Every structure is written in structure tokens, then in C-alpha cells.
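Protein chains: 2
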Amino acid sequence: MSEKDLYITEVALRDGSHAIRHQFTIEQVTSIAKGLDQANVPYIEISHGDGLGGSSLQYGLSLTDELQLIEAAVDAVLNAKISVLLLPGIGTMHELKEAAKLGVKMSRIATHVTEADVALQHIALSKELGLETVGFLMMSHMVPTKKLVEQAKLMESYGADTVYVVDSAGALLPHQVKERILALKEHLQIHVGFHAHNNLSLAMANTLVAIEEGATRIDGSVRCLGAGAGNTQTEVLVAVLDKLGIKTGIDLYKLMDIAEELVAPILEKPQEITKDSLVLGYAGVYSSFLLHAQRAAKKFGIDSRDILIELGKRKVVGGQEDMIIDVAAEIAKNKESAYV
Amino acid sequence: MSEKDLYITEVALRDGSHAIRHQFTIEQVTSIAKGLDQANVPYIEISHGDGLGGSSLQYGLSLTDELQLIEAAVDAVLNAKISVLLLPGIGTMHELKEAAKLGVKMSRIATHVTEADVALQHIALSKELGLETVGFLMMSHMVPTKKLVEQAKLMESYGADTVYVVDSAGALLPHQVKERILALKEHLQIHVGFHAHNNLSLAMANTLVAIEEGATRIDGSVRCLGAGAGNTQTEVLVAVLDKLGIKTGIDLYKLMDIAEELVAPILEKPQEITKDSLVLGYAGVYSSFLLHAQRAAKKFGIDSRDILIELGKRKVVGGQEDMIIDVAAEIAKNKESAYV
Chain A
356 MSEKDLYITE VALRDGSHAI RHQFTIEQVT SIAKGLDQAN VPYIEISHGD
406 GLGGSSLQYG LSLTDELQLI EAAVDAVLNA KISVLLLPGI GTMHELKEAA
456 KLGVKMSRIA THVTEADVAL QHIALSKELG LETVGFLMMS HMVPTKKLVE
506 QAKLMESYGA DTVYVVDSAG ALLPHQVKER ILALKEHLQI HVGFHAHNNL
556 SLAMANTLVA IEEGATRIDG SVRCLGAGAG NTQTEVLVAV LDKLGIKTGI
606 DLYKLMDIAE ELVAPILEKP QEITKDSLVL GYAGVYSSFL LHAQRAAKKF
656 GIDSRDILIE LGKRKVVGGQ EDMIIDVAAE IAKNKESAYV
Chain B
356 MSEKDLYITE VALRDGSHAI RHQFTIEQVT SIAKGLDQAN VPYIEISHGD
406 GLGGSSLQYG LSLTDELQLI EAAVDAVLNA KISVLLLPGI GTMHELKEAA
456 KLGVKMSRIA THVTEADVAL QHIALSKELG LETVGFLMMS HMVPTKKLVE
506 QAKLMESYGA DTVYVVDSAG ALLPHQVKER ILALKEHLQI HVGFHAHNNL
556 SLAMANTLVA IEEGATRIDG SVRCLGAGAG NTQTEVLVAV LDKLGIKTGI
606 DLYKLMDIAE ELVAPILEKP QEITKDSLVL GYAGVYSSFL LHAQRAAKKF
656 GIDSRDILIE LGKRKVVGGQ EDMIIDVAAE IAKNKESAYV
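Sequence order for the protein chains is A and B. Per the working numbering: the first sequence = residues 356 to 695. Per the working numbering: the second sequence = residues 356 to 695.
Take these hints with a grain of salt, some might be off.
All copies of an identical chain are treated as equivalent in the list; a pair is satisfied when it fits inside any one copy or across any two copies.
No more than 25 Å apart at the CA atoms, straight line, and that leaves these computed lysine-lysine pairs for DSS-like [unchecked claim]:
id: 1; residue 1: Lys460; residue 2: Lys654
id: 2; residue 1: Lys389; residue 2: Lys609
id: 3; residue 1: Lys668; residue 2: Lys598
id: 4; residue 1: Lys602; residue 2: Lys533
id: 5; residue 1: Lys598; residue 2: Lys690
id: 6; residue 1: Lys690; residue 2: Lys609
id: 7; residue 1: Lys436; residue 2: Lys654
id: 8; residue 1: Lys653; residue 2: Lys670
id: 9; residue 1: Lys436; residue 2: Lys456
id: 10; residue 1: Lys624; residue 2: Lys533
id: 11; residue 1: Lys533; residue 2: Lys598
id: 12; residue 1: Lys508; residue 2: Lys460
id: 13; residue 1: Lys508; residue 2: Lys670
id: 14; residue 1: Lys624; residue 2: Lys609
These are computed hints drawn from the structure, not numbers from a lab. Keep in mind that this is a model prediction, so the values were computed, not measured.
Using the sequences and the accompanying hints, generate a full structural model.
The following block contains the structure:
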């Protein structure tokens, strides 16, 4: 694999926004983006953790207007391309236009893995704006590979240059990543990417499998700064790829220094695999379910893990939080009758 | 794979001793060992981080006499077998006898991967004492597979029931683990085990590869409590194996609770992959080299990473710390002449 075949997108300034409650400052973004650019990281993503327009009571208020952060990053870099994430429904086409005006070079349009169709207009606009455009299929573990391929093909048909398999809950196992990437490589003409989370300590394993099967667009976060248990740790990935003889063009020492000197100090809590992040990956559910499940568990005197695992089995999705109480009541009832 | 085919040894109370500067108390060991036993963990290892007799100025003084800790663990468990680690040269046969008297059921005799022959007497004694006996080949990444097989066969010939591939520096890549486990499975009649470290974020990946290739004895540490970046995180491993349909007989919920409620609170610093742990895994060198290299780097005005990587290339081993200054001087000189 030659140097130009593998492009890493650094997501600490976007996915990592979750880990620090969206409290990035202009100074932090400037120094980190500058450092990443000097280390030859090709793409740097900046947005609220839930994408453009995410700053809200529901998703968490950003300390700094994200457009100011994006502008600071654009100003800080010489070669790196600044990327934004957009979830249709949270962010709007207006915000995408604003970001493009600021000098953003890539947009990633993210939808639930079964809802690629809501990305049609946003992907089209992104292309019109001259942006490199990525379709980002979240919670990819929730559907069989056949369905994933169908949704990815939709995004390709809308004009996406790349489609990502996004393991939002860190729930995929290596053989499942292999099957998904292989199928997308077979059925798509465009680039295939992979975005991992480390809830099952498999982010690196899954990323290597994805690369082996032909994914050429890979996400990482320095010092593992991302939602849940964090993402594939970028500086570690670059070290591992180097040992495997896969060149990324990224300066390993510089990246290690950024992780240690610029990112580690702003972490509010370590990016470990805790009981909560593990159960989210094990159950394969949205992190937003956690608090609801814990409250319901308390109310019904049951274990929140049983609720989350059942929600995962039923493939409950975001917006269906009402079902959490129903599931909890059902588990409590079954438990009761088991004692009779 | 049936339930009885895979046995996990929990090493948080031994390898994890490094992570808390050997400050375990009797109360901590009692509660953790009791919890692990209730969760059906089959083997629990307890010793100073560097094995029996490790408590010293050189390796770090233990807060509590390890024999007291071992006794506490033996008393705390109903079914789990207590294991001890012994590095000939650090621990002695006398200490192994004392541990056996306390009710230990397994001993693991650890040597550098090229020095299996120093384990002859200790393995023989362990068998005489009626202990299940493991040969533990440390820094297994430092030799070609052929050499590893030769050394493992020595340990088998001394009477070991199991030989472990020990990735002490967390430096092995998945394909290297595969090659090693496959070769040992081919050439040995006894069980093959694998002990990972997470310096390259590959502990889980490597452990799964080892299991796939036939390793049936696997080490883990709850909450990743081990030297360097920690080991394969046991509660996460059990969750992943469960998702893969591989039964360990271990109660996942109980293990998660132990990690969160008993182990996390005693961590002195998070088990993250830091600049230091990453460079150790990348270079594939002993953690004891780190401080020496950093001092030498300061003295010669060079980067400590260059020294560590060069030490890794030269396959410098413990006891050869004098070479660190030589290597640093050489790098500084080459750097100087490069500027002329």
C-alpha cells in the first residue's frame, strides 16, 4: 500500500467534543489543529460532537460557537483539510453553507444506518459547494450487511465520494467489520471508510481489519478523545501502521507530542473502558439510553444492564426512548413471576 | 469451543501491582479475590509485580508482605486457584515452597524468552510440590518464532503443563501472535497460553488471534490494571468472548462490578496509552529502560524515543542498561555529523 492510499481523519476536535462536554476554546482548537497540520494529518474534523448545529440543551451547549472554532482551525492549518460533520435533522443546509464559506474542504453527512435517504439533499448541496463529501452510516452494527450495502449505495447514488461504516456504539466484532467492508468494496465504486469506538477494546483490531479489507479512509482521535470509550487512538494507529509497513505520511513523534502535551491536559476524565462504556458496546445501544435505563432500573428495582441488553436485542433506535420504561416494566414483571 | 476449553488467569493482583507501586493491602486483596472467585474466575495470580521476592529497592518495595497477601487470597476463595509468578534470579525456590505451603495451586516460572534453561530447577520443584506449572516466556517478540519454539520445548521438557507467549512490552502485532501460537500448537503437546500488554492498543486483538489459533490459557486484568498500558481488560474480554459464543463460565456482571467498584478506586493513574507506554511498545523494549533513556537524552540533547527505538533494534535486554549511554552518545554524534 503506497503512502497515498490511506487517509486519516482526526476527530478529536469533533467526536472528542463529547468527552469534554463541548467546552473547546478557540485557543485549544488553534493549537491542536496547528499541531496536527504540522504532523501532516490530512483531514481534521471540527464541529459540535453531534455535528453542525448540535449545540443545544438536548445535545449539550458548546462553550464556543462552532463556526468560530472552524474558522480558527481553517486559519491555523497550511495543508490539512478541515472537515465538518452534519446530521440532517440536527444541522441544516444553512449551517453547511456557512461552514463552506469559512473554508471547510470536506463535509460528512451522517444518518442512522437505515436512513440514508434523509441525506439526499445534504450530499447534493455539499457537492454543489465543491466539498469532498462523505456519507457516514451510524450504528452500522444494527443491520445485516445486505441492508448496509443498500444504504451505502443510496449515498453513492446521491454523489458521496466516500461511504463510512460507523461503529457508533463500539459494538462490532472483527469478523463483522470484515464482512461489511468486503461487501462495500465489492458493491461500491467510491472510497470506503471506517470509524471505530473502543467500548469493547476492539477499535484498533477493527480498524486494522477494515484496512486489510480495503478501507482507505480511517478515523482516529488523538489520546482516544471521543465519545464512549473513545475512538481508535490516532498516534497509536500511526505507530502500528508504521510497524506494519503501511505509510500514512504522518509524523509519529509530532503526533505523540500533541497527544501528550496538548490533548491529555484538557481531558476531564480518562478515556478508559468503564462499566458504562462496556455495557453500551456489549448491548450495542445509543449512549443516550444509559441515563434513561439507569433511572428506569432504579424505579423497577432491576439491573440497568438487563434493560440495555434487551433494548439492543430489539434494535431500539434514538427517538424511541419511551420504550425504555416499557422494557423495564416487562423485565421487572418477568422477574417477579419467576419468583412465584 | 466448550466452556472448559478456555481458562482465564486474572493478573490484576500481580501485574497490576506495578500500576499501584506494589501498595496492595490485605483488605484490597481479600475483597478483590473474593469477588473474582464469586464471579467464577478460575485462576487468580498474586505476587509482587516482578514475582515472588520482587519487593526490593531495585524493583519497588511492597507495602504488604506478599506471603500475607497470598494467604489472604487463599483464604478468600472457595473455588478459584491462586497462582504465583516466579522469576528465577529474583525469587528463589525457598519462596516457592513457602507459597505452596500457603495453599497456592499454580506457579508460573518466568524467564526471558532466550533463557528457558534457568527455569529447569524451578519447574521441577513446582511439579514436585504438586502445583500446576506454567513456563512464562517474557519479551516473546524479541526472537524469531523458531527460537521461541525451541525455548518453549525446553520448558515442556522440564515438566511444564503450559507454556505462555508473553508480550511483555506490548510490541507484538496480530500476525506475529498468530505465527507464534500456531507454531507452539504444532510443536508442543502441552497447553499454550498468551499474555498481552496494551501499549499498541492491540491487547484484545492479539488475545482473540491467540484464542483463534488454539491458545487455551489467557491472561487478563480487570480494569486493565497492569504494567505499561495494562493487559487485556478481563471484563471486556469476557464480554467479547460471550458475543463470539465462546463461554468462559465467568459471570460478566459480577466482573464488571468488581472492576468498577473495587479496582477503579485504587488506581493511582488511569490505564491510558500515554506517550511513554506507546514508545515502549513501538520500540519493543523493557519499561525499565525508559527513565535511563530520558536521562541520557537530556544529557546528549537528543530525543529519548530515538534511543529507545535503537535499543529495540539492537535487542538490548535487561541488565544491559549500560548500553543506553553508549547508544545515546552514538546518536548524538551521528546527529552532529549530519549537521556538518
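Intra- versus inter-copy proximity for Lys460 and Lys508 (alpha-carbon distance at most 25 Å): within (23 Å within a copy, 58 Å between copies)
Status of Lys609 relative to Lys690 across identical chains (alpha carbons, at most 25 Å): between (55 Å within a copy, 19 Å between copies)
Alpha-carbon proximity context of Lys389 and Lys609, limit 25 Å: within (11 Å within a copy, 45 Å between copies)
Intra/inter-copy verdict for Lys508 and Lys670 if alpha-carbon distance must be at most 25 Å: Close inside one copy (22 Å), not across copies (50 Å); limit 25 Å.
Up to 25 Å CA-CA - Lys609 versus Lys624, copy category: Both, since 23 Å and 24 Å are each at most 25 Å.
Intra- versus inter-copy proximity for Lys598 and Lys533 (alpha-carbon distance at most 25 Å): For Lys533 and Lys598, the Cα distance is within 25 Å both inside one copy (21 Å) and across copies (16 Å).
Intra/inter-copy verdict for Lys436 and Lys654 if alpha-carbon distance must be at most 25 Å: neither (49 Å within a copy, 39 Å between copies)
Within, between, both or neither, where Lys624 and Lys533 count as close if Cα-Cα is 25 Å or less: neither (32 Å within a copy, 35 Å between copies)
Alpha-carbon proximity between Lys460 and Lys654, which holds within one copy, between copies, both or neither at 25 Å: Neither: 48 Å inside a chain and 45 Å across chains, both beyond 25 Å.
Intra/inter-copy verdict for Lys653 and Lys670 if alpha-carbon distance must be at most 25 Å: Within one copy, since 23 Å is at most 25 Å while 56 Å is not.
Homo-oligomer pair classification [Lys533, Lys602; C-alpha up to 25 Å]: both (21 Å within a copy, 23 Å between copies)
Same-copy or cross-copy closeness of Lys668 to Lys598 [CA-CA at most 25 Å]: between (39 Å within a copy, 12 Å between copies)
When the structure is compared with the earlier hints, violations turn up for hints 1, 7, 10 and for no others.
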